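> Go ahead and model the full structure; you've got the sequences and the hints to work with.
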Amino acid sequence: FVCSGTLISNRVVITNAHCIYDFYGRVWYSGNHRFCPGLTSFYERPLGCFNVEFRVISKPYQEQRDIFDDWALLVLATSPGLGYYGFSLDAPIGVRADMFHYSCRSPAQCGKMYYENCKFEAMDKFFSVGGNSGGFKTGVVSHSCDTTGGSSGASMTVDHKIRAINTWEYHYPSERNFANIIRHYEFQTMKRYRYLYNDYGRDRQLQISTGSENCFTLVSESKLELAQCWSNSKQHWYWYNGRLNSATNVDLCIEIDTRNGNALLVNRCNSSKRQQFSHLARELIQSREREKLCFSYDKNVASGMTMVRCNPNDVNQQWTFTFVT
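The sequence shown begins at 1 in full-length UniProt numbering and counts up one residue at a time.
Watch out, some of these pointers could steer you wrong.
[To be verified] Lysine-lysine pairs mimicking BS3-like chemistry, simulated, CA-CA at most 30 Å apart:
1. Lys-59 - Lys-191
2. Lys-119 - Lys-161
3. Lys-119 - Lys-191
4. Lys-161 - Lys-59
5. Lys-191 - Lys-161
6. Lys-112 - Lys-161
The set of hints was computed from the structure by calculation and includes no laboratory data. Computed from a predicted model, the values in this text were never measured in an experiment.
If you want it as structure tokens, here you go:
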């Protein structure tokens with residue numbers, strides 16, 4: 001099937017989660033997903049097509065089937081070498097938005113790009129969800145743009161910035177279309193991925209400011225990104241990323257030795273297991289001493305990650321983790 005999508009960096013595309021993840025079966029759709037920008041017909045691809053390296057969706061959508069978190073990021077294996085859109089928080093009610101999308105209601109329509117311009121309208125004009133009305137509370141706004149199959153995942157832009165992602169239709173009391181707005185969580189995730197995946201490489205560093213109380217861990221189908229929290233106000237921790245390749249529950253120990261400069265060592269906590277991990281990018285970690293951190297990852301369970309200190313009796317090692325998938 002066909003969905004619409006928009007580049008937000010050289011290699012990152014935003015679309016709907018239901019385009020790549022089975023909402024009811026709770027499994028990733030199989031097959032070779034490709035991003036084909038600038039289609040003129042179903043068979044004509046003037047700018048080529050680009051394979052998706054991995055996909056990311058939100059934890060509420062994956063675990064709770066939350067339709068108000070129906071967004072996804074596709075990280076491409078290579079850059080199309082094209083421009084990309086910016087993005088901004090919230091969708092201002094009453095403001096007109098532009099939407100380019102692909103329709104695929106019939107084979108003759110597939111691959112043709114359509115343009116719409118319509119206003120964002122508040123959800124409470126039509127119905128209330130869970131006692132919360134209004135777009136920002138529910139994460140959804142209404143709009144009157146004419147959409148159909150294939151339009152899912154299309155970006156709605158104001159002043160060339162993405163404000164919402166077209167998602168679904170509602171036929172009572174009147175036929176309307178709805179879009180997921182970009183809230184703070186989505187904004188921070190999009191910002192982080194745009195920074196990490198671009199023409200400059202796959203292992204760029206993203207610093208967490210000193211004193212931050214949050215460490216984010218994002219897990220997709222095959223990609224692990226991990227940040228380590230500070231244990232005192234003089235330590236700065238950086239993002240790094242690495243790929244996991246395992247079919248069962250695994251343990252991985254990350255050992256940081258700053259006495260040797262830029263030393264980030266990776267080894268398995270249990271070397272007897274048949275686990276294979278690729279090399280993690282070496283990062284500069286500012287610390288006074290040698291420290292370790294252990295984590296366990298279960299790729300067969302959504303968000304199946306737990307983290308513990310390698311030495312839980314060491315009170316100087318205090319880690320706080322926030323799980324965001």
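> Compare the structure with each hint and give your call.
So, going through the hints one by one against the coordinates:
1. Lys-59 - Lys-191: Holds, at roughly 18 Å.
2. Lys-119 - Lys-161: Answer holds: Lys-119 to Lys-161 is near 15 Å, not above 30 Å.
3. Lys-119 - Lys-191: Holds, because 26 Å separates the two Cα atoms, which is no more than 30 Å.
4. Lys-161 - Lys-59: Between Lys-161 and Lys-59 the Cα gap is close to 25 Å, so the pair holds against 30 Å.
5. Lys-191 - Lys-161: Since the Cα atoms of Lys-191 and Lys-161 sit roughly 13 Å apart, the hinted pair holds (cutoff 30 Å).
6. Lys-112 - Lys-161: Answer holds: Lys-112 to Lys-161 is near 23 Å, not above 30 Å.
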